[in-house]
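2 protein chains.
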Amino acid sequence: MRIVTDPLALRDAISPETTVGFVPTMGYLHEGHLSLVEAAKQENDLVVMSIFVNPTQFGPNEDLDRYPRDFDRDEALAREAGVDILFYPDTTTMYPLDMARVTVRTGADVLCGASRPGHFDGVLTVVSKLFNIVRPTRAYFGLKDAQQVALIEGYVHDYFVPVEIRRCPIIREASGLAKSSRNVYLSESERIEAAEINKALTEAETGLQTGVAVTAVKARLIERLDAIPNSTIDYVEIVDYPTLTEAHDTSQELLIAAAVQFERARLIDNVIWKRG
Amino acid sequence: MRIVTDPLALRDAISPETTVGFVPTMGYLHEGHLSLVEAAKQENDLVVMSIFVNPTQFGPNEDLDRYPRDFDRDEALAREAGVDILFYPDTTTMYPLDMARVTVRTGADVLCGASRPGHFDGVLTVVSKLFNIVRPTRAYFGLKDAQQVALIEGYVHDYFVPVEIRRCPIIREASGLAKSSRNVYLSESERIEAAEINKALTEAETGLQTGVAVTAVKARLIERLDAIPNSTIDYVEIVDYPTLTEAHDTSQELLIAAAVQFERARLIDNVIWKRG
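Sequences listed follow chains A and B, in order. Per the numbering used here, residue 1 is the first one in the first sequence, and the count goes up by one each step. Per the numbering used here, residue 1 is the first one in the second sequence, and the count goes up by one each step.
Incorrect hints may have been included.
Since the list gives no way to pick one copy over another, a pair counts as held whenever it fits inside one copy or between any two copies.
Claimed, not checked - No more than 25 Å apart at the CA atoms, straight line, and that leaves these computed lysine to any residue pairs for SDA-like:
hint: 1; residue 1: K274; residue 2: P96
hint: 2; residue 1: K274; residue 2: D98
hint: 3; residue 1: K274; residue 2: F52
hint: 4; residue 1: K218; residue 2: P89
hint: 5; residue 1: K199; residue 2: P16
hint: 6; residue 1: K179; residue 2: A39
It is worth saying that the hints were derived from the structure and are not from the lab.
When you get a sec, could you build the whole thing from the sequences and use the hints?
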């Protein structure tokens with residue numbers, strides 16, 4: 001595995017005929033990231049991972065300096081997973097003049113973005129730079145953050161970026177609970193109850209599939225999530241994918257997403273549904 | 001000459017080994033545009049021109065519908081000039097979802113941009129899309145709108161866009177007066193007096209070259225432009241290029257720019273100076 005910090009050196013390291021699978025990360029790698037590498041390895045000649053803690057996607061109340069970092073561990077994990085090139089630039093490299101940013105017009109102020117103004121502007125800004133540097137054939141994103149994937153797909157479509165976006169499935173416990181570093185904050189009983197989130201989302205998916213109206217499906221979903229003891233719903237949404245605007249018909253892809261607050265952990269989960 | 005309206009068809013029409021010179025325009029072609037085509041022909045295998053009246057760079061008080069259009073004339077001129085592919089998309093094609101825009105953080109609210117808020121956001125938005133579609137080797141811009149060229153160069157640098165930006169010289173009358181479609185609104189005496197703008201800019205350039213301080217050069221420039229009868233200065237600026245922030249040293253490139261209002265025409269002109 002080669003470690004590259006300079007964008008032009010990275011470009012020079014990749015021949016134009018090579019198919020490149022790209023996994024952008026902020027480091028502190030976990031099982032989810034490694035599953036993206038695995039997917040990238042299966043369909044590309046070369047796998048490039050980036051590790052860059054992007055300052056512009058942190059809000060004024062979010063502590064950039066406290067974001068967890070462990071490059072040595074990440075390097076070992078990436079190497080073991082079969083990454084070919086690890087791109088590890090610094091902030092001055094990624095923001096030389098910082099004269100312009102990408103700003104999201106629709107789809108940023110809903111779901112998780114509602115409580116993180118400007119977050120997805122920062123995400124799209126850095127992702128568009130990384131795409132220009134790496135020029136990947138395919139880029140891999142986990143569906144755990146479905147809003148991020150949606151906005152990136154929207155951007156790629158709107159800006160004619162020559163890359164294929166690969167959505168990778170959420171990794172789950174046997175119970176269906178979406179894996180998350182926050183799950184350690186769940187009590188034993190909460191961990192059992194939290195599995196209800198995915199069951200409720202799956203029921204909603206089946207509802208749409210069998211022709212139940214979006215409003216009725218959403219009402220039932222709220223009802224089920226509301227019934228989870230010692231927790232409160234943060235949001236429940238059924239929206240068009242990738243615009244994340246209110247779902248008005250069921251011929252498009254729809255995102256069914258929920259965030260539920262337990263005592264010490266806020267859990268998110270989602271399902272993307274398309275008439276099958 | 002081929003006329004293409006679909007971005008993917010355009011992409012398919014260009015082989016990756018071909019060097020591509022790109023001339024983006026809003027149509028209603030004049031001598032300036034054709035000089036860009038000429039420059040592009042000299043150093044590329046293929047010349048692509050786009051004609052797209054970009055709605056997002058028009059302000060709420062600027063009339064998009066009244067922008068002059070004459071496709072048949074443009075087509076004939078482009079063909080005659082030696083354009084190989086004319087890209088002529090419609091607005092829905094260029095803005096399919098319009099989920100995200102590029103917004104300028106520095107350099108947009110000075111010079112001509114001061115009176116056109118949002119204008120350069122629209123310019124960078126459409127130019128970044130066009131670059132992704134055409135993927136040119138080199139792109140050609142006239143220095144008449146130096147602020148536009150500066151912001152595009154800044155964007156290309158900040159976003160690692162793999163394109164070479166070519167600045168093309170302002171086309172001038174024998175008197176030095178910068179050519180402009182607005183010159184027809186000058187009276188005979190104004191046309192003579194307006195030639196003073198370029199002379200004053202050239203003197204400023206010489207001043208910098210001989211070591212005169214930026215503030216003194218600017219004061220003298222204001223003095224000379226102020227002396228042009230029956231006109232008022234709109235702005236005079238000496239700024240860093242391409243950030244367009246206040247010039248603090250003379251080791252970088254500097255843009256010396258002025259706008260002067262005559263009775264029926266507002267004229268702009270500029271010089272980019274670098275220690276020779």
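Here's how the hints hold up against the structure:
In this assembly of identical chains, K274 and P96 lie within 25 Å of each other by CA distance solely across copies; the values are 21 Å between and 41 Å within a copy. With identical chains, the CA atoms of K274 and D98 are at most 25 Å apart between copies only, with a shortest distance of 23 Å across copies and 39 Å within one. In this assembly of identical chains, the alpha carbons of K274 and F52 never lie at most 25 Å apart, being 33 Å within a copy and 35 Å across copies at closest. In this assembly of identical chains, K218 and P89 lie within 25 Å of each other by CA distance neither inside one copy nor across copies; the values are 43 Å within and 40 Å between.
Proximity of K199 and P16 under a CA criterion of 25 Å is satisfied in neither setting, with 45 Å inside one chain copy and 49 Å between copies. Only within a single protomer do K179 and A39 lie at most 25 Å apart by alpha-carbon distance; the minimum there is 18 Å, versus 57 Å between protomers.
Checked against the numbered hints above, the structure violates hints 3, 4 and 5; every other hint is satisfied.
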